[in-house]
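Colleague: Protein chains in written order, with the working numbering: chain S, 1 to 81; chain P, 1 to 180.
Bear in mind the hints are in silico, worked out from the structure with no lab data behind them. Please note that a few of the clues may not be correct.
As the list claims (entries may be wrong) - Distance ranges between label pairs, derived from CB positions:
no., chain 1, residue 1, chain 2, residue 2, range
1, S, L69, P, D104, 22 to 32 Å
2, P, D111, S, F14, 18 to 28 Å
3, P, D158, S, A24, 36 to 46 Å
4, S, S23, P, Q53, 34 to 44 Å
Claimed, not checked - Pairs of lysine to aspartate or glutamate, DMTMM-like flavour, derived with a Cα cap of 20 Å:
no., chain 1, residue 1, chain 2, residue 2
5, S, K45, P, D158
6, S, K45, P, D155
7, P, K105, P, D79
8, P, K105, P, E123
9, P, K105, P, D82
10, P, K105, P, D115
As the list claims (entries may be wrong) - Interface residues of chain P toward chain S, partial, derived using beta-carbon atoms under 8 Å:
no., residue
11, L70
12, L71
13, G74
Just so you know, even glycine gets a beta-carbon here, dropped at the ideal spot from N, CA and C.
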Amino acid sequence: MTALLSTILAYRPFLDPLPIGNSAAWVWLLVPLVVLVSVAYKTIKLHDLQELPKKSAILALQIFIFMGLAAGVLWAITLFA
Amino acid sequence: MAADPPPPPIPKDPPASPSPAARRASSPRWNFAAAFLGWLLPGLGHFVLSQPQRAVVLGTTIGTLWLSGLLIGGISVIDRNDHPAWFLGQMLIAPSFAANHYRDKLVRDHDGTFDPEDNPPFEPAFARAHEQGTLFTSLAGLLNLLAIIDVLYRDPRDGRDASPKSTASKGATKPPGVTV
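Let's have the full structure, built from the sequences with the hints guiding it.
Modeller: Right under this line is the structure:
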């Protein structure tokens with residue numbers, strides 16, 4: 001508890017890195033990354049911004065699916081190669 | 001008694017050629033000032049081209065991505081000397097230069113080492129925090145490059161330069177070749 005408190009109190013936003021270390025928590029950072037990239041990309045590409053929520057959600061879903069497939073293929077390669 | 005001959009056809013007016021001003025308004029044009037403003041602040045280029053909605057969305061998303069990178073990895077993720085290849089992506093947003101300069105200043109002004117006992121001005125990022133922070137800030141820069149290219153060369157016939165109201169009144173439609 002003391003260690004956690006000292007870590008939180010010592011943290012200076014934008015100067016120090018988040019204390020994520022090598023934990024698996026970093027994977028969850030991909031969610032905002034993919035969503036923000038999808039929205040920004042579709043904002044540039046779309047002619048009519050009314051379609052933005054739907055189209056960017058579809059693109060984000062496609063990125064998640066193909067990232068998952070790529071991760072599965074790479075995992076299989078490391079497992080069987 | 002012979003029938004009256006049919007009246008001669010009335011010659012039609014030749015099609016009016018567009019005025020030089022109209023031709024200039026409908027021809028593609030380069031917007032260097034808007035592109036520069038878009039580099040200074042994401043979305044500003046679209047704002048000066050009268051696309052406030054697009055500007056707000058771009059400014060919010062690209063700005064959030066860039067700031068999230070700084071929040072995750074700290075200021076050490078923007079370092080022109082330590083990882084110049086990543087800085088090529090980061091420099092596509094002008095505030096990255098300010099962050100790099102500020103980090104340099106903090107390093108110059110600090111006397112001791114970067115051990116925690118020496119109370120360093122910032123903690124260098126390692127491992128996942130460094131990776132993710134660098135990735136977020138570089139991707140923000142690359143997305144801003146797309147936004148800069150979008151405002152740099154503009155064809156008014158695509159209907160995006162006009163406000164939605166005036167576009168509707170002109171009956172503008174999506175031109176062929178515009179893909180989504």
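Colleague: Each hint should be assessed against the structure and marked as holding or not.
Modeller: Here is what the structure says about each hint:
no.	hint	in the structure
1	S/L69 to P/D104: 22 to 32 Å	42 Å, violated
2	P/D111 to S/F14: 18 to 28 Å	22 Å, holds
3	P/D158 to S/A24: 36 to 46 Å	45 Å, holds
4	S/S23 to P/Q53: 34 to 44 Å	39 Å, holds
5	S/K45 to P/D158	12 Å, holds
6	S/K45 to P/D155	14 Å, holds
7	P/K105 to P/D79	12 Å, holds
8	P/K105 to P/E123	14 Å, holds
9	P/K105 to P/D82	15 Å, holds
10	P/K105 to P/D115	18 Å, holds
11	L70	5 Å, holds
12	L71	6 Å, holds
13	G74	4 Å, holds
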